[in-house]
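*Asks:* Top to bottom, those sequences are chains A and B. Start counting the first sequence at 1133; every next residue gets the next number (the working numbering). Start counting the second sequence at 1178; every next residue gets the next number (the working numbering).
Calculated directly from the structure, the hints in this document are not laboratory data. We put the CB at the ideal spot given by N, CA and C, even for glycine. Do not rely on the hints blindly, as some may be mistaken.
Straight line, CA to CA, 27 Å or less: simulated DSS-like cross-link-like pairs of lysine-lysine [what the hints assert, rightly or not]:
no.	chain 1	residue 1	chain 2	residue 2
1	B	Lys-1196	A	Lys-1174
2	A	Lys-1231	B	Lys-1218
3	B	Lys-1230	B	Lys-1195
Some but not every residue of chain A turned toward chain B, in silico, with C-beta under 10 Å [said to hold, decoys possible]:
no.	residue
4	Asp-1199
5	Gly-1203
6	Ala-1223
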Amino acid sequence: KQEVTQIPAALSVPEGENLVLNCSFTDSAIYNLQWFRQDPGKGLTSLLLIQSSQREQTSGRLNASLDKSSGRSTLYIAASQPGDSATYLCAAFQGGSEKLVFGKGTKLTVNP
Amino acid sequence: DTEVTQTPKHLVMGMTNKKSLKCEQHMGHRAMYWYKQKAKKPPELMFVYSYEKLSINESVPSRFSPECPNSSLLNLHLHALQPEDSALYLCASTHWTGGGGELFFGEGSRLTVL
């Protein structure tokens, strides 16, 4: 059974700092890995999708990497801003299924 | 347009009520999902529809009844719910059936059961 773990559970940084959020998964047989952002009481916003054949994806100040062999993905946020404060969730799309398995998320606070 | 629209945004119901949650997408996606999310927890999968047919039911109690009337619309019918069913209900859709596509989520319906 796929398990997705996110470390740390919470992170507080000053504005302008570069930061890395970590995600690990136990079963490397995945279709893809997706990073989401969730603001309090809101739905999930898709940030980046990395297909299993890809190593990384970039969107603006965000860069996500995928290493299937080690079961790890990272989300790099450059020059963080207070507006980046949210919970970040990673999710692995399990191969051979229609299930997206979520980690518990990292709550990020960027202080002005 | 990558929008998934959910209504209502908020719903309060008693344990004897019958209500429905609605989800709509016009992206031509053929797979649609219902997730349940409790506070400070990740979303939990409830149901998956592929080509308007139920493909996954994660052993959800029968007081939750999904329906997919057409390829753009997904409903979740609620009946005789319990207070512990209070949660944020999220709908999602993706282009690829069988797994592997990018999921797009709606803003959710916040349900409170009294």
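*Asks:* Compare the structure with each hint and give your call.
*Replies:* Hints and how they fare:
1. With a C-alpha separation of about 21 Å, the suggested pairing of Lys-1196 of chain B with Lys-1174 of chain A holds against the 27 Å cut-off.
2. Between Lys-1231 of chain A and Lys-1218 of chain B, the direct Cα distance comes to roughly 17 Å. Compliance with the 27 Å bound is thereby established for this hinted pair.
3. Simply put, Lys-1230 of chain B and Lys-1195 of chain B have alpha-carbon atoms about 23 Å apart, close enough for the 27 Å limit, and the pair holds.
4. Below 10 Å, beta-carbon pairs count as interface contacts, and Asp-1199 of chain A has none with chain B, the closest being about 19 Å; its hint is therefore violated.
5. Taking 10 Å as the C-beta cut-off, the interface hint given for Gly-1203 of chain A is violated, the closest approach to chain B being about 18 Å.
6. Hint on Ala-1223 of chain A holds. Least Cβ distance to chain B is approximately 8 Å, under the 10 Å limit.
Hint compliance for this structure: hints 4, 5 are broken, all remaining hints hold.
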